[in-house]
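J.: Each chain, written out:
There are 2 protein chains.
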Amino acid sequence: MKYYVGIDFGGTGIKIGIIDENGKILIKDSFDTDPSKRGEDIARHIAECTEKVMSDSGLPREAIQGVGIGSPGLLNPETGQLKVVVNVPNMNDVFITRILSDILGKPAFLDNDVNAMSLGEFYYGAGKGLKHVIALTLGTGVGGGIILNGELYRGASFTAGELGHMSIARDGKSCPCGNSGCLERYVGRDGIIERFMIARNKGLDTNIEKYLDKGKITPKAIAMAAEAGDKLSIKVLEETGEILGAALATLVNALNPQAIIIGGGIANAGEFILGPARKTMLRLAYAIPAKVVKVLKAELGNDAGLVGSASLVVANLS
Amino acid sequence: MKYYVGIDFGGTGIKIGIIDENGKILIKDSFDTDPSKRGEDIARHIAECTEKVMSDSGLPREAIQGVGIGSPGLLNPETGQLKVVVNVPNMNDVFITRILSDILGKPAFLDNDVNAMSLGEFYYGAGKGLKHVIALTLGTGVGGGIILNGELYRGASFTAGELGHMSIARDGKSCPCGNSGCLERYVGRDGIIERFMIARNKGLDTNIEKYLDKGKITPKAIAMAAEAGDKLSIKVLEETGEILGAALATLVNALNPQAIIIGGGIANAGEFILGPARKTMLRLAYAIPAKVVKVLKAELGNDAGLVGSASLVVANLS
Numbered sequence: 002m003k004y005y006v007g008i009d010f011g012g013t014g015i016k017i018g019i020i021d022e023n024g025k026i027l028i029k030d031s032f033d034t035d036p037s038k039r040g041e042d043i044a045r046h047i048a049e050c051t052e053k054v055m056s057d058s059g060l061p062r063e064a065i066q067g068v069g070i071g072s073p074g075l076l077n078p079e080t081g082q083l084k085v086v087v088n089v090p091n092m093n094d095v096f097i098t099r100i101l102s103d104i105l106g107k108p109a110f111l112d113n114d115v116n117a118m119s120l121g122e123f124y125y126g127a128g129k130g131l132k133h134v135i136a137l138t139l140g141t142g143v144g145g146g147i148i149l150n151g152e153l154y155r156g157a158s159f160t161a162g163e164l165g166h167m168s169i170a171r172d173g174k175s176c177p178c179g180n181s182g183c184l185e186r187y188v189g190r191d192g193i194i195e196r197f198m199i200a201r202n203k204g205l206d207t208n209i210e211k212y213l214d215k216g217k218i219t220p221k222a223i224a225m226a227a228e229a230g231d232k233l234s235i236k237v238l239e240e241t242g243e244i245l246g247a248a249l250a251t252l253v254n255a256l257n258p259q260a261i262i263i264g265g266g267i268a269n270a271g272e273f274i275l276g277p278a279r280k281t282m283l284r285l286a287y288a289i290p291a292k293v294v295k296v297l298k299a300e301l302g303n304d305a306g307l308v309g310s311a312s313l314v315v316a317n318l319s
Numbered sequence: 002m003k004y005y006v007g008i009d010f011g012g013t014g015i016k017i018g019i020i021d022e023n024g025k026i027l028i029k030d031s032f033d034t035d036p037s038k039r040g041e042d043i044a045r046h047i048a049e050c051t052e053k054v055m056s057d058s059g060l061p062r063e064a065i066q067g068v069g070i071g072s073p074g075l076l077n078p079e080t081g082q083l084k085v086v087v088n089v090p091n092m093n094d095v096f097i098t099r100i101l102s103d104i105l106g107k108p109a110f111l112d113n114d115v116n117a118m119s120l121g122e123f124y125y126g127a128g129k130g131l132k133h134v135i136a137l138t139l140g141t142g143v144g145g146g147i148i149l150n151g152e153l154y155r156g157a158s159f160t161a162g163e164l165g166h167m168s169i170a171r172d173g174k175s176c177p178c179g180n181s182g183c184l185e186r187y188v189g190r191d192g193i194i195e196r197f198m199i200a201r202n203k204g205l206d207t208n209i210e211k212y213l214d215k216g217k218i219t220p221k222a223i224a225m226a227a228e229a230g231d232k233l234s235i236k237v238l239e240e241t242g243e244i245l246g247a248a249l250a251t252l253v254n255a256l257n258p259q260a261i262i263i264g265g266g267i268a269n270a271g272e273f274i275l276g277p278a279r280k281t282m283l284r285l286a287y288a289i290p291a292k293v294v295k296v297l298k299a300e301l302g303n304d305a306g307l308v309g310s311a312s313l314v315v316a317n318l319s
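Keeping their order, the protein sequence lines are chains A and B.
First residue of the first sequence? That's 2 in the working numbering, and the numbers climb one at a time after it.
First residue of the second sequence? That's 2 in the working numbering, and the numbers climb one at a time after it.
These are calculated hints, taken from the structure and not from any lab test.
None of these values were measured; they are calculated from a predicted model.
A few of these clues could be false.
Because identical chains share one entry, a pair is satisfied inside a single copy or across any pair of copies.
Said to hold, decoys possible - The list that follows gives simulated cross-link-like pairs (lysine-lysine, DSS-like), each with its CA atoms no further than 25 Å apart:
| no. | residue 1 | residue 2 |
| --- | --- | --- |
| 1 | K203 | K232 |
| 2 | K221 | K129 |
| 3 | K292 | K84 |
| 4 | K29 | K298 |
| 5 | K203 | K217 |
| 6 | K84 | K132 |
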């Protein structure tokens with residue numbers, strides 16, 4: 002059996018784990034990072050934490066094939082260099098894979114967190130066995146990963162997959178990115194909350210109060226209220242699905258994928274969003290590619306980042 | 002030197018030619034087809050015409066590597082079977098590559114005309130030397146071809162690249178395809194004419210009359226009037242470019258290509274459309290992929306179909 006190490010590098014901490022050839026997690030652990038340290042020292046600390054997990058696993062060293070690290074922000078997967086790490090600016094410009102592979106004696110691979118998650122779903126989640134898969138993560142931001150002909154497509158400068166910034170509405174809501182009508186503004190966290198507030202301010206009845214998160218409306222609260230039958234919440238999620246479905250129709254017409262996998266926190270609303278999304282996509286896309294594509298919920302949940310990062314090793318060594 | 006045969010199969014006739022390794026056309030000829038004949042007989046006739054061109058070329062038989070045929074409509078490039086040929090329904094279901102290669106003794110390859118043209122531009126036109134290229138053809142319809150990592154991407158059921166049916170405007174103009182706000186409705190032939198008529202009906206001044214085609218407004222007439230300084234025509238083309246540019250921003254964010262190549266009859270308006278398209282794309286797309294991508298006019302002009310079809314051989318044998 003072969004094993005792969007995954008490092009899910011987030012803003013505030015890191016998760017490190019080891020998966021086997023079937024994507025099963027053998028061991029996982031969490032660590033803090035100190036963003037005030039020098040970037041190379043943070044990288045060295047990550048390597049040491051990884052060393053600890055490898056050693057804790059009890060696996061023979063030679064069974065471990067390599068180390069994958071997924072990070073938010075801008076980076077170069079070919080040179081393994083981080084470019085802009087918004088929450089940990091000291092890491093900017095650090096050649097993280099070089100430091101990891103020097104210390105651990107294993108090949109190391111870097112990619113952005115959404116690409117990593119997409120590969121995780123492709124190898125071990127909802128996309129298992131397929132060749133052409135688009136993954137969308139719905140959260141505060143909306144990101145995407147594009148896997149075509151069995152390979153992650155990164156683009157000319159490694160920024161392919163910014164599917165949250167497809168414009169679906171000329172003259173639509175303005176987006177901080179500089180464009181108008183970006184998908185993210187409608188089906189990302191703030192877009193959903195905004196639509197909920199507008200509907201509630203119209204005086205429509207809701208039981209959301211029971212589900213608020215510290216008094217605040219969140220997509221999670223809306224999903225919980227919907228689950229409990231709250232009509233307004235159901236309507237807002239349905240609308241979210243319809244808007245998402247219209248964007249999926251564009252993706253289906255353009256890329257004719259076998260599956261579109263929806264992940265991220267907002268995907269936990271499940272069929273409240275995915276049902277209407279599927280229906281709208283089927284109605285708006287060309288019949289042939291619409292019939293072929295499956296719109297699926299991501300399967301890896303909270304482990305998506307970890308399994309995805311480990312999948313970078315699989316993708317690069319296979 | 003190696004040579005490739007291209008067959009540009011249109012609704013009313015066929016063009017057949019031979020190109021060399023540099024994409025230079027050695028010989029080309031046109032033939033009529035009789036759509037009332039049996040499909041297999043039409044296919045055999047195409048093979049005989051091709052045989053004639055091969056013989057007329059005087060090339061040694063073994064220098065000819067294969068035959069590529071580009072066709073409109075639905076088809077299966079893997080089995081070489083035509084599926085739905087709108088203008089020549091007798092050709093539906095014919096295994097055209099089998100008949101061509103049986104009669105000609107050369108490997109034969111089939112793809113749709115837009116994919117073929119895209120490959121032609123990729124190998125021998127504006128996309129020469131690049132890896133990630135998107136081609137858009139603007140005409141009555143708006144089509145697309147997607148070349149990623151140096152390979153034509155066809156999708157799960159060979160319909161990838163329907164870029165005219167990206168929706169750019171939720172609740173926009175309805176499209177015969179069933180969707181709303183399709184790019185084709187704005188930058189295709191009818192969309193451009195429609196916008197011209199609306200502007201003229203507002204009483205805006207124009208000299209278009211001199212350039213009408215049998216009394217009719219066409220994109221070509223508008224381009225000629227623009228060339229001669231007609232302000233209304235210039236404005237309509239500029240607007241076309243701006244709408245196109247907004248769609249390009251979505252493509253640039255999603256696919257991060259090195260070049261987007263604009264072809265088809267409407268591209269003859271050149272910088273009147275491409276200038277504003279480029280400017281709008283640069284303003285709306287993410288800075289990193291926007292900086293990397295070139296928006297180019299297609300270079301192969303009237304020979305695009307022929308060179309493109311021959312390129313199918315290059316793509317399949319290399």
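J.: Up to 25 Å between alpha-carbons, please classify K84 paired with K132: within, between, both or neither.
T.: between (30 Å within a copy, 24 Å between copies)
J.: For K221 and K129, with the copy left unspecified, which applies at a CA distance of at most 25 Å: within, between, both, or neither?
T.: neither (27 Å within a copy, 49 Å between copies)
J.: Have a look at K203 and K217 and pick one of within, between, both or neither, based on CA distance no larger than 25 Å.
T.: The answer is within: 18 Å in one copy meets 25 Å, while 50 Å across copies does not.
J.: Is it within, between, both or neither when you check K203 against K232 at 25 Å Cα-Cα?
T.: Close inside one copy (14 Å), not across copies (46 Å); limit 25 Å.
J.: Classify it for me, K292 with K84: is the Cα-Cα distance of at most 25 Å met within a copy, between copies, both or neither?
T.: between (40 Å within a copy, 17 Å between copies)
J.: Should K29 paired with K298 be assigned to within, between, both, or neither, using CA atoms and 25 Å as the limit?
T.: For K29 and K298, only the intra-copy Cα distance (24 Å) is at most 25 Å; the inter-copy one is 52 Å.
In this structure, only the earlier hint numbered 2 is contradicted, and the remaining ones agree with it.
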